[in-house]
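Chains as they are written, first to last, in our numbering: chain A, 1 to 102; chain B, 1 to 102.
As the list makes no split between identical chains, a pair holds if one copy fits it or if it spans any two.
No more than 30 Å apart at the CA atoms, straight line, and that leaves these computed lysine-lysine pairs for DSSO-like:
1. Lys11 with Lys88
2. Lys88 with Lys59
3. Lys59 with Lys72
4. Lys72 with Lys11
These aren't lab readings, by the way, just hints derived from the structure by calculation. Because the structure is a prediction, the values reported are computed rather than measured.
The lines below spell out each chain.
Number of protein chains: 2
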Amino acid sequence: MHVVHVQVHVKPEAVESFRQATRDNARGSLQEPGIVRFDVCQSVDDPTRFVLVEVYRTKEDPPRHRETAHYKAWREAVEPMMAEPRTKAEYVNVHPEDSDWV
Amino acid sequence: MHVVHVQVHVKPEAVESFRQATRDNARGSLQEPGIVRFDVCQSVDDPTRFVLVEVYRTKEDPPRHRETAHYKAWREAVEPMMAEPRTKAEYVNVHPEDSDWV
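Full structure from sequences and hints, please.
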């Protein structure tokens, strides 16, 4: 698996609209054959900080994701909500193995 | 859900033994009733960096996890492997909802 963690910091007034826009993006993303998981989490210590845990079958799948309508709609919707540029880190899975990933 | 991301940086010579010890801990952790997921990922850019994605049913479950034999064995095994102290961040789930988490 190709795992991407996206760290997001939004403006305080944008927290609720970011949650909604990102839920919509997650639901759309989970329809893509190349996406296994798309978890959205909000920081306990600072509710303006989120992490998106995106699990792709291969590293060729993120560019396909970025061509989808739901991703493009999300990117446009959240652009004015950002308190700072988002950052990402890329990983491979150690556990579970590919065949056990759900 | 109560989601904990643990960031780990190990010494270069400890990468393989850390992978093995952490796989063992993940398998044991997944037997705990309070743990839904225990994913272990390794950085693409820097193989000495890992993130543990631990998904607990409630915030009361992490202290129970720390009392288990597999956690204590892991903590002891990996202590000399650390390049720097590990850090953690705590989250709540925005998507999926609790009932849809697998």
